[in-house]
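> Each chain, written out:
Protein chains: 2
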Amino acid sequence: MTPVLVEAWRGDAVESEHFGSLAIVDADAGVRAAIGDIDRPVFPRSAVKALQALPLVESDAADRLKLTDDELAIACASHNGEPVHVRTAAGMLEKAGVDAGVLECGAHWPYDDGASRELAARGALPTALNNNCSGKHAGFVCLACALMGWTDSGIDLRRFVKGYVRPEHAVMREVSEALHSTTGFDLSRAPRGTDGCSIPTYGIPLRHLAHAFARFGTGIGLRAGQARAAQRLRRAVAASPYMVGGAARMDTLVMQRLGERVFCKVGAEGMYCAALPHRGLGVAIKMRDGNNARAAEVVMAAVIEALVTLDDDERDFIGAFSDVTLKNWNGIEVGALRATPALRQALLQASAG
Amino acid sequence: MTPVLVEAWRGDAVESEHFGSLAIVDADAGVRAAIGDIDRPVFPRSAVKALQALPLVESDAADRLKLTDDELAIACASHNGEPVHVRTAAGMLEKAGVDAGVLECGAHWPYDDGASRELAARGALPTALNNNCSGKHAGFVCLACALMGWTDSGIDLRRFVKGYVRPEHAVMREVSEALHSTTGFDLSRAPRGTDGCSIPTYGIPLRHLAHAFARFGTGIGLRAGQARAAQRLRRAVAASPYMVGGAARMDTLVMQRLGERVFCKVGAEGMYCAALPHRGLGVAIKMRDGNNARAAEVVMAAVIEALVTLDDDERDFIGAFSDVTLKNWNGIEVGALRATPALRQALLQASAG
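As given, the protein sequences belong to chains X and Y, one line each in that order.
The opening position of the first sequence corresponds to residue 1 in my numbering, with each subsequent residue numbered one higher.
The opening position of the second sequence corresponds to residue 1 in my numbering, with each subsequent residue numbered one higher.
By construction, these hints were calculated from the structure, which means they are not laboratory data.
Beta carbons are placed, not taken as given, at the ideal position from N, Cα and C, and that holds for glycine.
Among the hints, a few may not be true.
Taking lysine to aspartate or glutamate pairs in the EDC-like style, the calculated list, with each CA pair at most 16 Å apart, reads [unchecked claim]:
| no. | chain 1 | residue 1 | chain 2 | residue 2 |
| --- | --- | --- | --- | --- |
| 1 | X | Lys-327 | Y | Glu-104 |
| 2 | Y | Lys-162 | Y | Glu-104 |
| 3 | Y | Lys-327 | Y | Asp-12 |
| 4 | X | Lys-162 | X | Glu-260 |
| 5 | Y | Lys-327 | X | Glu-104 |
| 6 | Y | Lys-95 | Y | Asp-156 |
If you anchor each label on the Cβ, the simulated ranges turn out as follows [as the list claims (entries may be wrong)]:
| no. | chain 1 | residue 1 | chain 2 | residue 2 | range |
| --- | --- | --- | --- | --- | --- |
| 7 | Y | Arg-223 | X | Arg-315 | 50 to 60 Å |
| 8 | Y | Arg-173 | X | Glu-260 | 51 to 61 Å |
| 9 | X | Ala-124 | Y | Gln-256 | 51 to 61 Å |
| 10 | Y | Gly-149 | X | Pro-83 | 34 to 44 Å |
| 11 | X | Gly-91 | Y | Arg-235 | 57 to 67 Å |
| 12 | Y | Ala-248 | X | Arg-257 | 30 to 40 Å |
| 13 | Y | Gly-331 | X | Gly-91 | 26 to 36 Å |
| 14 | Y | Arg-122 | X | Gly-91 | 30 to 40 Å |
| 15 | X | Arg-344 | Y | Asp-156 | 49 to 59 Å |
| 16 | Y | Gly-331 | X | Pro-83 | 22 to 32 Å |
| 17 | Y | Asp-152 | X | Gly-123 | 39 to 49 Å |
| 18 | X | Gly-91 | Y | Glu-260 | 50 to 60 Å |
| 19 | Y | Ala-248 | X | Ile-220 | 46 to 56 Å |
| 20 | X | Arg-223 | Y | Asp-37 | 47 to 57 Å |
All chains, full assembly: derive it from the sequences and hints.
See the structure below:
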């Protein structure tokens, strides 16, 4: 049975409870903490975008297209679709010689309400560039330039990338290889689904996901080119954390504050993964109800509190994510989201281990 | 242990699971179905707005102010904040001789994205009338007219209603009395919290909530004036279901289709209550994770399928809520939300019982 990791309090009572599983693993696959079933495959969704971006850098695409930190960071992002995100993703496509017409992620209104209202106020509709995955997909298109052998012709690229979201396409085969080689999990026997942005998502156990992020954070166990790519992506995201999410997004706020000490990335349906490079650890969280990010964020914050060296101000900063004050429409404090004592205890043991 | 009632499927695997509790009770307090712990108090949130609206009708407020079906329905609503909802709530306040300045529910952007974008496109900001609870609060203000003895002076009413969201205010005492008398649960020993719109919410067991809705649907066990008020509210909502929710809202869609056979009302944090008057039953659902409405909606749809007499078309209509096709941004089918066999089996037994 997966235990309750997060409680939602209202007034003097627990109103709702979130069950979940958690793996904290080192680069040698040693398990530092295991809560719930860490061997059941789960769809990691967007929590593994950084692993999926490795081929972009391990190939010569990032170098040859002179991708900036902003551009590498947005390749790992589930961004808010704010104007700065739209411009950055569009700029990557421009470097590749194509436009947003090649994107196969679909369009949706920006995650950020302010950005949505700003679009609506201009009488505009969202495009694929507003899709939270547009940076990842722009990265896939840049990778395609390398895979097709740099013919320097936008027309050929458009033909080459067509259907890039399909598992059998050269681009997606590279992306899946990166997932396979970092997690060490055989994707051919994994459950498979289609992600929100139409690429495949593979069921991978938390144990393997956490191991992959320990490798991503340390380079240990990766081939040399992949280790360099991981370091470059981590540094890019630490330098441009706004690109990974945006306004009021936990990934952005945490990495703006803690820099390279934490690489963290949320995913749909209660997923959250992180690398803690200074501790040599990877983290993978799946909330069983999967409903939205609120509970996974509390668990990730509790993990960071327990395992990352923080000063007092940083501890207060992260504590506001693991013990969240809930306010109502009048700004009155009505409750809290809190990491449970059981979770705190397990993390204390992991920290001491 | 509360069982899994709803599974979220993606591709060929279960991605997420929702635990929950359910009570189905008749007007004599006979339990027809009990899943999970139905004696643990839960905050019913907005699922009991219809019970909280009883004093508005049992007093002479609804008659004397000539409240329409639209207005009585919106008094029971968690509406989308669309223009028609705003106008209707404003009209109730006008009948009471005051304006939206008296509302103490706070302001938020409309639940309906289209309505939010339309506001933004006009360069406007949301007001308390856009709050999903504005109709309920307008009903409280109308009730205050009766409680203060109809002085026919807006100025006195403004003074009288001030602080109406506080538990000790005359208005809220009437509202709490309605909850107490319909549920039969002693609120003085209940957990207490503050709701999103700032009124108190009391922890009440599902057994008592379901019993209250059996009474609400049949009038059995209510005092005469309350039984008449319940009937009038049910008919008003059946006549004006758009007022209870709005575009794409399950409560609205179900009651538009099934009329007086179902009175159902969603609440925050995974709550859902219903009266099935033709079966003499009340229903109360609490999803343990409480994250949003998706799982509670599936459970309620499965309850309606099992317990309400439906023709084939109606069965298909409701089936689309208990076995929901999930599509991604490209409109590709990626998974489903489904009532579990365990839930279906329990409901089959309840139906036969």
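> For every hint, state whether the structure bears it out.
These are the hints, each one checked on the structure:
1. For the given pair, Lys-327 (chain X) sits about 15 Å from Glu-104 (chain Y) by alpha-carbon distance, which is consistent with the 16 Å threshold.
2. Taken as a hint, the Lys-162 (chain Y) and Glu-104 (chain Y) pair is honoured in the structure, with Cα atoms around 8 Å apart against an allowance of 16 Å.
3. For the proposed pair Lys-327 (chain Y) and Asp-12 (chain Y), the alpha carbon gap of about 15 Å is at most 16 Å, so the pair holds.
4. The suggested pairing of Lys-162 (chain X) with Glu-260 (chain X) is violated, with an alpha-carbon distance near 36 Å, which exceeds 16 Å.
5. Taking the CA atoms of Lys-327 (chain Y) and Glu-104 (chain X), the gap is near 15 Å; set against the 16 Å cutoff, the hint holds.
6. For a cut-off of 16 Å, the pair hint linking Lys-95 (chain Y) to Asp-156 (chain Y) stands: about 15 Å separates their Cα positions.
7. The hinted range of 50 to 60 Å is satisfied by Arg-223 (chain Y) and Arg-315 (chain X), whose Cβ atoms lie roughly 56 Å apart.
8. A hinted range of 51 to 61 Å for the beta carbons of Arg-173 (chain Y) and Glu-260 (chain X) is consistent with their spacing of about 58 Å.
9. Under the hint 51 to 61 Å, the C-beta atoms of Ala-124 (chain X) and Gln-256 (chain Y), about 32 Å apart, miss the expected range.
10. A hinted range of 34 to 44 Å is violated for the C-beta pair Gly-149 (chain Y) and Pro-83 (chain X), which are about 56 Å apart.
11. Gly-91 (chain X) and Arg-235 (chain Y) have their C-beta atoms about 59 Å apart, which keeps the hinted 57 to 67 Å range intact.
12. For Ala-248 (chain Y) and Arg-257 (chain X), the Cβ-Cβ distance of about 38 Å falls inside the hinted range of 30 to 40 Å, so the restraint holds.
13. Gly-331 (chain Y) and Gly-91 (chain X) have their C-beta atoms about 28 Å apart, which keeps the hinted 26 to 36 Å range intact.
14. Here the CB-CB span from Arg-122 (chain Y) to Gly-91 (chain X) is close to 33 Å, well matched to the stated 30 to 40 Å.
15. As the Cβ distance of Arg-344 (chain X) to Asp-156 (chain Y) is approximately 54 Å, the hint placing it in 49 to 59 Å holds.
16. Between Gly-331 (chain Y) and Pro-83 (chain X) the beta carbons are some 26 Å apart, a value that agrees with the proposed interval 22 to 32 Å.
17. The supplied range of 39 to 49 Å is met by Asp-152 (chain Y) and Gly-123 (chain X), whose beta-carbon atoms lie about 46 Å from each other.
18. For the pair Gly-91 (chain X) and Glu-260 (chain Y), the beta carbons lie near 58 Å from each other, so the given range of 50 to 60 Å is met.
19. Range check, Ala-248 (chain Y) to Ile-220 (chain X): Cβ separation about 49 Å, and the 46 to 56 Å hint holds.
20. Separation of Arg-223 (chain X) from Asp-37 (chain Y) is about 53 Å and conforms to the stated range, judged on CB atoms against 47 to 57 Å.
Going down the numbered hints, you'll see the structure goes against 4, 9 and 10, while the others check out.
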